[in-house]
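Participant: Here the protein sequences come in this chain order: X and A. For the first sequence, our numbering gives the first residue as 1, with consecutive numbering after it. For the second sequence, our numbering gives the first residue as 1, with consecutive numbering after it.
Rather than coming from a laboratory, the hints here were simulated on the basis of the structure. From the three backbone atoms N, C-alpha and C, an ideal C-beta is built for every residue, glycine too. Treat the hints with care, as some may be off.
No more than 16 Å apart at the CA atoms, straight line, and that leaves these computed lysine to aspartate or glutamate pairs for EDC-like [claimed, not checked]: (1) A:K63 with X:D698; (2) X:K400 with X:E554; (3) X:K854 with A:D6; (4) X:K658 with X:E554; (5) A:K26 with X:D698; (6) X:K644 with X:E802; (7) A:K45 with X:D670; (8) X:K741 with X:E802.
Computed footprint of chain A on chain X, listed as stretches where at least three residues anywhere in the stretch have a Cβ under 8 Å from a Cβ of chain A [what the hints assert, rightly or not]: (9) 388 to 402; (10) 460 to 472; (11) 616 to 630.
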Amino acid sequence: MGSENGVADGGHGHAAPCRFTFDGETFEARPGQSIAGALHAGGQYVLSRSFKYHRPRGLFCVSGRCPNCLCTVNGEPNVRICTRAAEPGQDVRSQNAWPSLDVDALNVFDKLHRMMPVGFYYKRMYKPRKLWPLYEKVIRNIAGLGKVDFDHGGEGTYDKLNLFVDVAVVGGGVAGLQSALAAAEEQLDVLLVDDQPALGGHLRHDPDLLPADFSELLRRVVAHPRIQIVMSATAFGLYEGNYLGIQQGKRLIRARAHQVILATGGWERPLVFENNDLPGVLLASGAQRLLHLDGCRFEGRAVVVTNNAQGYRIAAQLERAGTKVAAIVELNELAAGDPGKIPVHAGKTILTARGGRHVRAAVVGNVNGGGKSDTIRCRWIIQALGFTPATSLLYQSGSKLRHDAERDHPAVTQFAKGVHACGAVLGTHDVVAAGAEGKHVGLTAALAVRGEADTALRARRDAAAAELARLVETKSQPGVVGHYVSGSTAKKKFVCLCEDVTEKDIYDAIDEGYANVETLKRYSTISMGPCQGKMCQAAAIGLCAARNGKSIEETGTTTSRPPEQPLPLGVLAGRGLHFSLVRRTAVHHWHEQQGAKFLDAGTWKRPESYGDPASEYEAVRHRVGLIDVSTLGKIELRGRDVGKFLEFIYPNRFEKLKPGRVRYGVICDDAGIVLDDGIIARLEPERFFLTTTTGNADAIDSWFRSWLVVKPEWDVRMTNMSTCYAGMNIAGPRSRDVLSKICDANISAHMLPYGGVAEFDVAGVRAVVLRIGFVGELGFEIHVPTQFGQHVWDALLAAGKEFDIEPFGVEAQRRLRLEKKHFLPGVDTDALSNPIEADVPWIVKLDKPDFIGKWSLTRAANRPARNRLVGFRLDGTTVPDEASLVISDGRLGGRVTSARYSPVTGGVIGLAWVPAEQSANGDRIEIQMNGRRMTAVVQHAPFYDPEEARLNG
Amino acid sequence: MSFQIDCPNCGTRGVWEFHYGGAAGKSRPPLSADAAEWTDYIYNKENLRGVQTEWWTHRSACKLWFLVERNTATNEVLSSRRYSVPPRQEEPAG
Ligand SMILES: [Zn+2]
Numbered sequence: 001m002g003s004e005n006g007v008a009d010g011g012h013g014h015a016a017p018c019r020f021t022f023d024g025e026t027f028e029a030r031p032g033q034s035i036a037g038a039l040h041a042g043g044q045y046v047l048s049r050s051f052k053y054h055r056p057r058g059l060f061c062v063s064g065r066c067p068n069c070l071c072t073v074n075g076e077p078n079v080r081i082c083t084r085a086a087e088p089g090q091d092v093r094s095q096n097a098w099p100s101l102d103v104d105a106l107n108v109f110d111k112l113h114r115m116m117p118v119g120f121y122y123k124r125m126y127k128p129r130k131l132w133p134l135y136e137k138v139i140r141n142i143a144g145l146g147k148v149d150f151d152h153g154g155e156g157t158y159d160k161l162n163l164f165v166d167v168a169v170v171g172g173g174v175a176g177l178q179s180a181l182a183a184a185e186e187q188l189d190v191l192l193v194d195d196q197p198a199l200g201g202h203l204r205h206d207p208d209l210l211p212a213d214f215s216e217l218l219r220r221v222v223a224h225p226r227i228q229i230v231m232s233a234t235a236f237g238l239y240e241g242n243y244l245g246i247q248q249g250k251r252l253i254r255a256r257a258h259q260v261i262l263a264t265g266g267w268e269r270p271l272v273f274e275n276n277d278l279p280g281v282l283l284a285s286g287a288q289r290l291l292h293l294d295g296c297r298f299e300g301r302a303v304v305v306t307n308n309a310q311g312y313r314i315a316a317q318l319e320r321a322g323t324k325v326a327a328i329v330e331l332n333e334l335a336a337g338d339p340g341k342i343p344v345h346a347g348k349t350i351l352t353a354r355g356g357r358h359v360r361a362a363v364v365g366n367v368n369g370g371g372k373s374d375t376i377r378c379r380w381i382i383q384a385l386g387f388t389p390a391t392s393l394l395y396q397s398g399s400k401l402r403h404d405a406e407r408d409h410p411a412v413t414q415f416a417k418g419v420h421a422c423g424a425v426l427g428t429h430d431v432v433a434a435g436a437e438g439k440h441v442g443l444t445a446a447l448a449v450r451g452e453a454d455t456a457l458r459a460r461r462d463a464a465a466a467e468l469a470r471l472v473e474t475k476s477q478p479g480v481v482g483h484y485v486s487g488s489t490a491k492k493k494f495v496c497l498c499e500d501v502t503e504k505d506i507y508d509a510i511d512e513g514y515a516n517v518e519t520l521k522r523y524s525t526i527s528m529g530p531c532q533g534k535m536c537q538a539a540a541i542g543l544c545a546a547r548n549g550k551s552i553e554e555t556g557t558t559t560s561r562p563p564e565q566p567l568p569l570g571v572l573a574g575r576g577l578h579f580s581l582v583r584r585t586a587v588h589h590w591h592e593q594q595g596a597k598f599l600d601a602g603t604w605k606r607p608e609s610y611g612d613p614a615s616e617y618e619a620v621r622h623r624v625g626l627i628d629v630s631t632l633g634k635i636e637l638r639g640r641d642v643g644k645f646l647e648f649i650y651p652n653r654f655e656k657l658k659p660g661r662v663r664y665g666v667i668c669d670d671a672g673i674v675l676d677d678g679i680i681a682r683l684e685p686e687r688f689f690l691t692t693t694t695g696n697a698d699a700i701d702s703w704f705r706s707w708l709v710v711k712p713e714w715d716v717r718m719t720n721m722s723t724c725y726a727g728m729n730i731a732g733p734r735s736r737d738v739l740s741k742i743c744d745a746n747i748s749a750h751m752l753p754y755g756g757v758a759e760f761d762v763a764g765v766r767a768v769v770l771r772i773g774f775v776g777e778l779g780f781e782i783h784v785p786t787q788f789g790q791h792v793w794d795a796l797l798a799a800g801k802e803f804d805i806e807p808f809g810v811e812a813q814r815r816l817r818l819e820k821k822h823f824l825p826g827v828d829t830d831a832l833s834n835p836i837e838a839d840v841p842w843i844v845k846l847d848k849p850d851f852i853g854k855w856s857l858t859r860a861a862n863r864p865a866r867n868r869l870v871g872f873r874l875d876g877t878t879v880p881d882e883a884s885l886v887i888s889d890g891r892l893g894g895r896v897t898s899a900r901y902s903p904v905t906g907g908v909i910g911l912a913w914v915p916a917e918q919s920a921n922g923d924r925i926e927i928q929m930n931g932r933r934m935t936a937v938v939q940h941a942p943f944y945d946p947e948e949a950r951l952n953g
Numbered sequence: 001m002s003f004q005i006d007c008p009n010c011g012t013r014g015v016w017e018f019h020y021g022g023a024a025g026k027s028r029p030p031l032s033a034d035a036a037e038w039t040d041y042i043y044n045k046e047n048l049r050g051v052q053t054e055w056w057t058h059r060s061a062c063k064l065w066f067l068v069e070r071n072t073a074t075n076e077v078l079s080s081r082r083y084s085v086p087p088r089q090e091e092p093a094g
């Protein structure tokens, strides 16, 4: 990456000469040189092998767009070395060549062109089917670009940055600079993004165009305190709400802008001719970058092919740098500039580049192919054929464009809200006019932020509009009408350098029926490579239009989607789970110290066990155990109408629940489907406390609020206490003995019976204590303020020491609850389960007035059940996996939802959904496990303590 | 989805702070309504293309449920407001 702050200098980073290696050979780089510039200066012209045919490729666009210079740098694959600064000791390696760049064995594909027709993925590799694995193995080995280095790749820190600005400007050319400055001078916060290491756009490397006041403009932009400049950064996506995705090295920048100005300029348009991919064929702007930014020269003779004034400028610049320009090949009948002493071949084009690993000569002939041709000896073929506007982000924004045939240029018919554009992307190439357009657009964006009521600003904007109108009249240049492809019938005319797609491939695909640009793209893979269509799309659409006998407008364009430029996945992934929420209970560190094995319950960490769930189980059944239930959702409701509200939310009754009592409840939706369950306690006449399951805590909170918002006449005030309280459940025959040691209340069976709730001090801390028994033993659920959670937990353990208390985790709890046949919503129920079929029909009070789910549950109660959730017993110790199938009459009849070994029954127990006709107590069901069938017996009563003597103790 | 929503409590925030609650406007039928009306209420979601009024909740912050007018084709948010009870008839005193 170039220096982030070197915004107004001439290019890349380091200050002193340095050495690096390319495929093991040492090269020297001058200060400020890119890797590619240093290689060019060192005479290394072949940089890669092409994707499909492994043809030698060299520098072409020199602007970080084409695929030719993709290399692996210090283990990082697919680095565009033309925009990466050379640094001391860099290890640069070529890609896609084996065994070496010079001798690439896979270059045989180039001779076997016939074997790899367009769409060969589809044609060659579908028969015979048994060879698929072989095809895949071979293709995987030779396809793709670069190798991921699992040892050294992805080093460094990927990070993310969120920015919020008034105006974001994409593109640091003259239009972008003027728009950024205009908006900033209206006291707006401006973000200026450019994908090159320095500002200036193409003025950086086309000194003949540089206006006198340009350095002053740069100085003002760089110095402006309201302009934040982000260099070497690609704006790869423009999403709804003016949300820009920007990649800067290993950083992902997400910028929210009130207004977005797209000053993205254009991509120079290549000419397609035979062997147009040979090293030595370069885009004019690429040659200019090497000349003016990297201080390189072009040794030997050059031919410039052009249809506009830029070709004549680059020819003169090459001559000044010592290159002999042998000819200017002018596609028009009249020269578009002053050639000086260079011979001009007007009305001609390049038909062929001759040479093996580098250009040796150019064959020049008539534009449409006929007649005689000349061969001109040269080392370089420089193309200057105008620009394709960089419209990707404009399309992504939802702006509407059409093709202006006269100028051969897209024209915006409607901008998306808050989106503007200026400069070459709109076809305004003249530097002065582009600057005026930038200023006008900057002020227009500022006005959109400030509002039309700002009459002074409006006046300034109108003045800028008038200035622009005057300039456009005098300075507007005719568009460069496209010449994409030289007229010869040769085969190796590459339209797409990334995927090695030739003109003939495109014609073949169209002739095979892929005549629509979207299907043509997918079938031929054109524009699907690293350049994402920047080099090839204009030519492909032109060819498609010509072959179909349609206009460019009728042919249309493929949909532009993010990312506009390939991104390293690490940039999107960031630092892994760094920013995901993790919740730990008040006792978490104690659990850790005890060596607890944790499981994820939503965002929470819960102890699954402390190493021996069987021992934890035994402690609860025979002595006393303690479990952390802080993760439960907890809601406090206050008000006159809470009873009424709960009667509406739950299918069972709450209005008459007495203060000091708790009741179990299941929540359904209006389809009668079980959403959640929990305990509802009435602490005072107008104060209720309830719990939800851990996983549904947020959803139930939201569910309650969604009903309360449409019932504002109800006096119900709701507070989510989930993280305010630490919860712990002490359970087992000795639990009362433990708790009574450290509380100030009488908790006898008489004073606090099963189903009771009371508030009193536990270990000196005010607590809500619920006498409930999820695990089927005498037990107390204690809720205390979170900050005292550890204190109360410690006090309970200390008091329980003499009774041999043990902490227990979720696994022991699940065994214990299964013996009581308590179902877990979302584990034992799913999106089709209602409480009648889930074996809790008693909870549905259909004689109540309206409640959520009443209509559906009334229907469910009045029709025969289809299936039921039942308990089952299974001999032996083989525990069926959850979701094992229940087979009924040879067909799928249901499934197991929970199963465990039960010490109480001495066998396996579980819950399963079974057909209603097999759901009677004692019915036999078939469970399929690992291909075997086991016969289980349905049991309605809980497996443990069906009389509930222990619970009520 | 990267658009923004105006929470009536908290102001403009990214959509990822909110949860969608479905199209508004279909009110819950009385128990006396027939099966067609109930099944339509429970199971039929219109999935409109264009501007619709819909429920959103600011789930990552204030948790308010409120109404948003949004173009489902472009995700342009046109307005947002608190729910207000439709006007109803005066209840008899006492
Ligand atoms: Zn809010």
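Participant: Now look at each hint and say whether the structure bears it out.
Facilitator: Evaluated hints:
no.: 1; hint: A:K63 with X:D698; in the structure: holds, 10 Å
no.: 2; hint: X:K400 with X:E554; in the structure: holds, 15 Å
no.: 3; hint: X:K854 with A:D6; in the structure: violated, 35 Å
no.: 4; hint: X:K658 with X:E554; in the structure: violated, 76 Å
no.: 5; hint: A:K26 with X:D698; in the structure: violated, 25 Å
no.: 6; hint: X:K644 with X:E802; in the structure: violated, 46 Å
no.: 7; hint: A:K45 with X:D670; in the structure: holds, 14 Å
no.: 8; hint: X:K741 with X:E802; in the structure: holds, 11 Å
no.: 9; hint: 388 to 402; in the structure: violated (count 1)
no.: 10; hint: 460 to 472; in the structure: violated (count 0)
no.: 11; hint: 616 to 630; in the structure: violated (count 0)
Violated hints, in rising order: 3, 4, 5, 6, 9, 10, 11; the structure is consistent with all others.
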